[in-house]
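Participant: Note that the sequence shown covers residues 1 to 117 in our numbering.
Hints were generated in silico from the structure; no laboratory data involved. For glycine and all other residues, C-beta sits at the position ideal for the given N, C-alpha and C. Since no wrong hints were added, every one of them can be taken at face value.
The following label-pair restraints were derived from C-beta to C-beta distances:
id	residue 1	residue 2	range
1	Ser25	Thr52	18 to 28 Å
2	Lys75	Val103	16 to 26 Å
3	Pro41	Gly15	19 to 29 Å
4	Lys75	Trp107	12 to 22 Å
5	Gln44	Val103	13 to 23 Å
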Amino acid sequence: QVQLVESGGGLVQPGGSLRLSCAASGSISSSAVMGWYRQAPGKQREFVARITSGGSTNYADSVKGRFSISRDNAKNAVYLRMNSLKPEDTAVYYCTAGAVVGVIGYWGQGTQVTVSS
Numbered sequence: 001q002v003q004l005v006e007s008g009g010g011l012v013q014p015g016g017s018l019r020l021s022c023a024a025s026g027s028i029s030s031s032a033v034m035g036w037y038r039q040a041p042g043k044q045r046e047f048v049a050r051i052t053s054g055g056s057t058n059y060a061d062s063v064k065g066r067f068s069i070s071r072d073n074a075k076n077a078v079y080l081r082m083n084s085l086k087p088e089d090t091a092v093y094y095c096t097a098g099a100v101v102g103v104i105g106y107w108g109q110g111t112q113v114t115v116s117s
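All chains, full assembly: derive it from the sequences and hints.
Facilitator: This is the structure:
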C-alpha cells in the first residue's frame, strides 16, 4: 500500500511563492514517476508537472517558467516550487505516483492553494 501525503498549501497573494511537499510511504519504488495535478473549482483536474527517477521533467504550458518540480529519492519525496503565483493557480493540488510516464497508480489527498489579495 502506497500513501502520498501533501503539505505546504495555503493562502498567498498574487506574485507570491509557495513550496508544496509530498511524502511517499509504503511500497513505492524509487523509480516511480512522481508528479502534481491540480483541480480548480468547477474545472477538470489537470496536469501540472512530473519528474522521472532520472530527473527528467515536464510542465504544463500554463506553469512553465514559474513552477519547478524536484525530488529526493532517498526521502521518497517530491516538491513543487511555485513562483509568481496568479489567481488562476488557485486549486487543490494533488501529488501522484506511477510506474511509468502516463500511468498514475496513486493519488494524494490534496492540498489547497489559494492565490488572492
